[in-house]
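S.K.: When you get a sec, could you build the whole thing from the sequences and use the hints?
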Amino acid sequence: VLIAEDWDLSVQLLEATHPTYFEGLTNQNAAVSPPYCQNVMGEKVCPKDVAKKKELQPAHRQILKNYCWADTALYQRAKELFYQKAHKCGLASGPGTASK
22 VLIAEDWDLS VQLLEATHPT YFEGLTNQNA AVSPPYCQNV MGEKVCPKDV AKKKELQPAH
82 RQILKNYCWA DTALYQRAKE LFYQKAHKCG LASGPGTASK
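Numbering-wise (my numbering), the sequence shown opens with residue 22 and increments by one.
These are calculated hints, taken from the structure and not from any lab test. Worth double-checking, as some hints may not be accurate.
What the hints assert, rightly or not - Taking lysine to aspartate or glutamate pairs in the EDC-like style, the calculated list, with each CA pair at most 16 Å apart, reads:
id: 1; residue 1: Lys100; residue 2: Asp27
id: 2; residue 1: Lys106; residue 2: Glu36
id: 3; residue 1: Lys100; residue 2: Glu26
id: 4; residue 1: Lys109; residue 2: Glu26
id: 5; residue 1: Lys100; residue 2: Asp29
id: 6; residue 1: Lys109; residue 2: Glu36
id: 7; residue 1: Lys106; residue 2: Asp27
id: 8; residue 1: Lys86; residue 2: Glu76
As the list claims (entries may be wrong) - Distance ranges between label pairs, derived from CB positions:
id: 9; residue 1: Leu35; residue 2: Ala80; range: 36 to 46 Å
id: 10; residue 1: Tyr42; residue 2: Cys89; range: 27 to 37 Å
id: 11; residue 1: Lys86; residue 2: Thr41; range: 13 to 23 Å
id: 12; residue 1: His39; residue 2: Asn87; range: 32 to 42 Å
Glycine is no exception: its CB is placed at the ideal position from the N, C-alpha and C atoms.
M.R.: Structure (structure tokens):
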């Protein structure tokens, strides 16, 4: 399982767990990532960072929780397993934290 919100760590994990198929993927991913672009304030912005997650209002979160509880539980478990595997491979010290 890969986690799109932690793409760089996902690529590193693929390379670590399946080196025969993904050797060099980390370097290739860095080479083909879109370059930084200038925003209207002249700051460098990575295109991956342009669309940030927006926090839901508590009332909306509760409505969605009633309908999406199974999806949320499955996603949380997938993230736990992802970070456990990354940690075992020496790639992460905790959720969202790459050590390389």
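S.K.: Next, verify each hint and record whether it holds.
M.R.: Results of checking the hints against the structure:
1. Lys100 to Asp27: holds, 10 Å
2. Lys106 to Glu36: At roughly 13 Å apart (the allowed maximum being 16 Å), Glu36 and Lys106 satisfy the hint.
3. Lys100 to Glu26: Holds, at roughly 10 Å.
4. Lys109 to Glu26: Given pair Lys109, Glu26 is violated - Cα atoms ~20 Å apart, limit 16 Å.
5. Lys100 to Asp29: holds, 14 Å
6. Lys109 to Glu36: Answer holds: Lys109 to Glu36 is near 14 Å, not above 16 Å.
7. Lys106 to Asp27: holds, 14 Å
8. Lys86 to Glu76: OK: Lys86 and Glu76 at ~14 Å, within 16 Å.
9. Leu35 to Ala80: 36 to 46 Å: Holds, since Leu35 and Ala80 (Cβ atoms, about 39 Å apart) stay within the stated range.
10. Tyr42 to Cys89: 27 to 37 Å: holds, 33 Å
11. Lys86 to Thr41: 13 to 23 Å: Given range 13 to 23 Å: violated, Cβ gap about 42 Å.
12. His39 to Asn87: 32 to 42 Å: holds, 39 Å
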